[in-house]
Amino acid sequence: MRQITPSRTIQWRWQGSALAAVDRFTIVGFAELRFVSYNFPCEPCDRRLTLLICGNLCRARIAAGGLIRHLHNWEEIFMHIRKTMVAAAALFAFGAGSALAAQDRVTIDWWHAMGGANGERIDAIAKAFNETQDKYEVVAINRGTYAETMNAAIAAFRAGEQPAIVQVFEVGTLTMMSAEGAIKPVFELMEENGKSFDPKDFLAAVTGYYTNSDGQMLSFPFNSSTPVLYYNKDIFRAAGLDPETPPKTWPEVGEMMTKVIDSGAATCGLTTAWPSWVQLENFSARQDVPFADKNNGFGGLDTQLTFNGPAQVKHIQQLADWQENGVFKYGGRRNVSAPLFSGGECALFTESSAGLGGVRANASFDFGVAQLPYWPDVIAEPKNTIIGGASLWVLQGLDPEVYAGTADFFEFLSSSGLQAAWHQASGYLPITPAAFTVSQISGYYGRNPGADVSIFQMLSGEPSGNSKGLRLGSFVQIRDVIEEEMEAIFAGDKTAQEGLDTAVERGNVLLRRFERANQ
Amino acid sequence: MDRRVTFNHRVLPYFLLAPQIAITLVFFVWPAGQALLQSTLIEDPFGLSSEFVYFENFAFVLSDPLYARSILTTAIFSFSVAGLALTIALFLAAKADAVISGRMIYRTLLIWPYAVAPAIAGVLFLFMFNPRVGVLSSALVALGVDWNYLLNGNQAMMLVIGASAWKQISYNFLFFLAGMQAMPRSLIEAAAIDGAGPTYRFWTIIFPLLMPITFFLLVINMIFAFFETFGVIDAVTQGGPAGATNILVYKVFRDGFIGLDLGSSAAQSVILMGIVIVLTVAQFRYVEKRVTY
Numbered sequence: 000m001r002q003i004t005p006s007r008t009i010q011w012r013w014q015g016s017a018l019a020a021v022d023r024f025t026i027v028g029f030a031e032l033r034f035v036s037y038n039f040p041c042e043p044c045d046r047r048l049t050l051l052i053c054g055n056l057c058r059a060r061i062a063a064g065g066l067i068r069h070l071h072n073w074e075e076i077f078m079h080i081r082k083t084m085v086a087a088a089a090l091f092a093f094g095a096g097s098a099l100a101a102q103d104r105v106t107i108d109w110w111h112a113m114g115g116a117n118g119e120r121i122d123a124i125a126k127a128f129n130e131t132q133d134k135y136e137v138v139a140i141n142r143g144t145y146a147e148t149m150n151a152a153i154a155a156f157r158a159g160e161q162p163a164i165v166q167v168f169e170v171g172t173l174t175m176m177s178a179e180g181a182i183k184p185v186f187e188l189m190e191e192n193g194k195s196f197d198p199k200d201f202l203a204a205v206t207g208y209y210t211n212s213d214g215q216m217l218s219f220p221f222n223s224s225t226p227v228l229y230y231n232k233d234i235f236r237a238a239g240l241d242p243e244t245p246p247k248t249w250p251e252v253g254e255m256m257t258k259v260i261d262s263g264a265a266t267c268g269l270t271t272a273w274p275s276w277v278q279l280e281n282f283s284a285r286q287d288v289p290f291a292d293k294n295n296g297f298g299g300l301d302t303q304l305t306f307n308g309p310a311q312v313k314h315i316q317q318l319a320d321w322q323e324n325g326v327f328k329y330g331g332r333r334n335v336s337a338p339l340f341s342g343g344e345c346a347l348f349t350e351s352s353a354g355l356g357g358v359r360a361n362a363s364f365d366f367g368v369a370q371l372p373y374w375p376d377v378i379a380e381p382k383n384t385i386i387g388g389a390s391l392w393v394l395q396g397l398d399p400e401v402y403a404g405t406a407d408f409f410e411f412l413s414s415s416g417l418q419a420a421w422h423q424a425s426g427y428l429p430i431t432p433a434a435f436t437v438s439q440i441s442g443y444y445g446r447n448p449g450a451d452v453s454i455f456q457m458l459s460g461e462p463s464g465n466s467k468g469l470r471l472g473s474f475v476q477i478r479d480v481i482e483e484e485m486e487a488i489f490a491g492d493k494t495a496q497e498g499l500d501t502a503v504e505r506g507n508v509l510l511r512r513f514e515r516a517n518q
Numbered sequence: 000m001d002r003r004v005t006f007n008h009r010v011l012p013y014f015l016l017a018p019q020i021a022i023t024l025v026f027f028v029w030p031a032g033q034a035l036l037q038s039t040l041i042e043d044p045f046g047l048s049s050e051f052v053y054f055e056n057f058a059f060v061l062s063d064p065l066y067a068r069s070i071l072t073t074a075i076f077s078f079s080v081a082g083l084a085l086t087i088a089l090f091l092a093a094k095a096d097a098v099i100s101g102r103m104i105y106r107t108l109l110i111w112p113y114a115v116a117p118a119i120a121g122v123l124f125l126f127m128f129n130p131r132v133g134v135l136s137s138a139l140v141a142l143g144v145d146w147n148y149l150l151n152g153n154q155a156m157m158l159v160i161g162a163s164a165w166k167q168i169s170y171n172f173l174f175f176l177a178g179m180q181a182m183p184r185s186l187i188e189a190a191a192i193d194g195a196g197p198t199y200r201f202w203t204i205i206f207p208l209l210m211p212i213t214f215f216l217l218v219i220n221m222i223f224a225f226f227e228t229f230g231v232i233d234a235v236t237q238g239g240p241a242g243a244t245n246i247l248v249y250k251v252f253r254d255g256f257i258g259l260d261l262g263s264s265a266a267q268s269v270i271l272m273g274i275v276i277v278l279t280v281a282q283f284r285y286v287e288k289r290v291t292y
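Top to bottom, those sequences are chains A and B. Letter by letter, the first sequence follows residues 0 to 518 of numbering that gives the first Met the number 0. Letter by letter, the second sequence follows residues 0 to 292 of numbering that gives the first Met the number 0.
The following block holds chain A by itself, in its conformation from the complex (with noise of 0.2 Å):
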């Protein structure tokens, strides 16, 4: 038996119900199977594995979503190209593949605004999806951020030129919403085109942001994320406190901060990300307080704001305090705190799930991951979450075999292995629970504390009308109306309750300005 080196490992993954046999597979994560399937030797294959089954091995190594398995000889491999030949034969076409002819194929257009390392992770779900089939050829494009792909797709529909999926941030999912003329609900494309789509099959608080008032989804969620507390356990230790014991709700931030700068163990004790998304919009959803009326605009355009509420006010009133003792230390829209953290000046990060990685990739410290914390005299038991990130959207106007493709590989997505792969490699939210179960059972979350966390706090109670998610036009500007104020807040130039009255106001005219031209 000759025992092969790490760099000729092959990874098999196959797509079906393999979950009882889970335990004794590894899960890799999406990059390192691009990684490994880059760099695996097609060439100089094993004699008694025909040319035949080592092409296919070859093919089989980027192919459809599934679970992902470390072999370490080729008798192994061997034997397990017996067991799965069946199912390794419907999906992998054997001797098909070579049959692939690329011009012949239906191409379906795929903007997207992943950068970087999740831009190369699209590029290589695209790969697998065409290595499946040789019918479509999924061809995605990145055009750059959100906002700037969400306006390609527009102009390019304007000029006739659409794609077929474009994928679109959580604040724009109004506008696509109310473009019924624009879209091509992803419900109707699954069913037109025979294909069983459950909601149920998602977590209930993704799904309910990008479902209608029938309970049928609109678009595909893709990458989903929540806010979470990071803590600084090097920081705690030295300032006294347990580092296995984060703050649980903001009057212990409170006292915990006020001990960390007392010690002189930080100077600064809680910093945010996002501001209005984390403080805000999620802070209302986690006390079960409403952000507009009408469930956060779900019940129509007519919505008011109403995060001038007493528990708002308090909370933004608190972190205004707060800046002055060094508690809260306000540090810029977007993410651009993040290094008051990973450089170690700042105790507590509220920030994305999404951020794992990042804070991962830059933090010399022991740090740990929490759920955000809430105010346990305005709830006892925190709602959940809502999601940031963004959800997939069919466009109108197509050819039906173009649409027919666009089902298929939304069949594809759906697959629990590759939204496993998707979940661990990017940090996004598994958006199903068994992309939940397979990363849970592959020990994924034992190997990566703190992964889990945003996902147990998805799951804190049943999503009220307060806490499904914010459905409201316009709804870029009024984030940037909130930050304004917040800022002014933080400085000092006015009070929470001025500022958050004066964002309220100023956000339901670009409301109203938004149902004018939606009606």
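In case anyone wonders, no lab produced these hints; they're calculated from the structure. Fair warning: there could be bad hints in the mix.
Derived coverage of chain B by chain A (criterion: at least 3 residues anywhere in the stretch with Cβ under 8 Å from a Cβ of chain A; other residues may be distant) [unchecked claim]:
| no. | region |
| --- | --- |
| 1 | 139 to 151 |
| 2 | 218 to 224 |
| 3 | 236 to 244 |
Computed list of chain B residues with no C-beta within reach of chain A, every gap over 12 Å [stated by the list, open to error]:
| no. | residue |
| --- | --- |
| 4 | 13 |
| 5 | 83 |
| 6 | 135 |
| 7 | 187 |
| 8 | 212 |
| 9 | 273 |
| 10 | 288 |
C-beta atoms are modelled at their ideal positions from N, C-alpha and C, and glycine is treated no differently.
Starting from the known structure of chain A, arrange chain B on it as the hints suggest.
Just chain B now, kept in the frame of chain A:
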């Protein structure tokens, strides 16, 4: 006898002008017309429903009290950028003109920043002045300045003015230096022989002779500050904190490109276009009168 050649051709002049006219029509008149048209419509982003609303978009924009503030912000920003960029460039050009050895190196190095895109210039300043990791912000903190442009509007304004002006200095420098080098040496030498010192020579001879260039640069710098600086703003402050750096063109970009409110954005563009036309006409009518060529 007059030896001037004349062409009695009727079509040829139009033919020769055609490319320029075509370019003007396609790239200037047509988009401006589109903006005008769009500013009278309320439309969803996909253009599925469209309503003609006369001047409602303008009323919507102008009724916003923050718009007046944005105009004021833009005025402060533009005059500061133009003033700073012109002053520093003039100073550097005067100094570089006086250098005898290694002047090529100085000149080339001073021209470099012009090759940097505004957004990149913004990012460079962002790094240098980042409250946490910035080299220059540490220096400021060491000097006892409470440096935090994320919350301090005046500091944020200074930062974006600095980044925008820095980028424009090289362009101005190039023109000033060329102007100085084209100046007749005999004039300056004559003044020197008459006992005029370098400073006196500069203000009485060089600066007045540079007036046409200065005027041209003033117009160009104002237009730059009005239109091309949104990359800097977007990279450094996104109009914040609390709207302190929200200049008109950034608001157009935000509302139109990010917020997808085309009607309001178009109305703002038209207003901005009006402001720049008025400014340019005013500059040519009043400032140019004081310029002697």
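Structure-based check of all given hints:
1. Counting residues of the region 139 to 151 of chain B whose beta-carbon sits less than 8 Å from any beta-carbon of chain A gives 3, enough to reach three: the coverage restraint holds.
2. Residues of the region 218 to 224 of chain B lying with their CB closer than 8 Å to a CB of chain A number 0, which falls below the three-residue condition for coverage.
3. Restraint check on the region 236 to 244 of chain B versus chain A: 6 residues with Cβ-Cβ distances below 8 Å, three needed, restraint holds.
4. Under the 12 Å C-beta cut-off, the non-interface status given to residue 13(B) relative to chain A holds; the minimum distance is some 32 Å.
5. The claim that residue 83(B) lies off the interface holds: its Cβ sits roughly 25 Å from the closest Cβ of chain A, which is beyond the 12 Å cut-off.
6. Every beta carbon of chain A lies more than 12 Å from that of residue 135(B), the smallest distance being close to 16 Å; the non-interface claim holds.
7. The Cβ of residue 187(B) sits about 51 Å from the closest Cβ of chain A, beyond the 12 Å cut-off, so the non-interface label holds.
8. Distance to chain A confirms residue 212(B) as a non-interface residue, since its nearest Cβ pair spans about 38 Å, more than 12 Å.
9. Here residue 273(B) stays apart from chain A, with its beta-carbon at least about 22 Å from theirs, past the 12 Å limit.
10. The Cβ of residue 288(B) sits about 42 Å from the closest Cβ of chain A, beyond the 12 Å cut-off, so the non-interface label holds.
Violation of the numbered hints given earlier is confined to hint 2; every other hint is satisfied by the structure.
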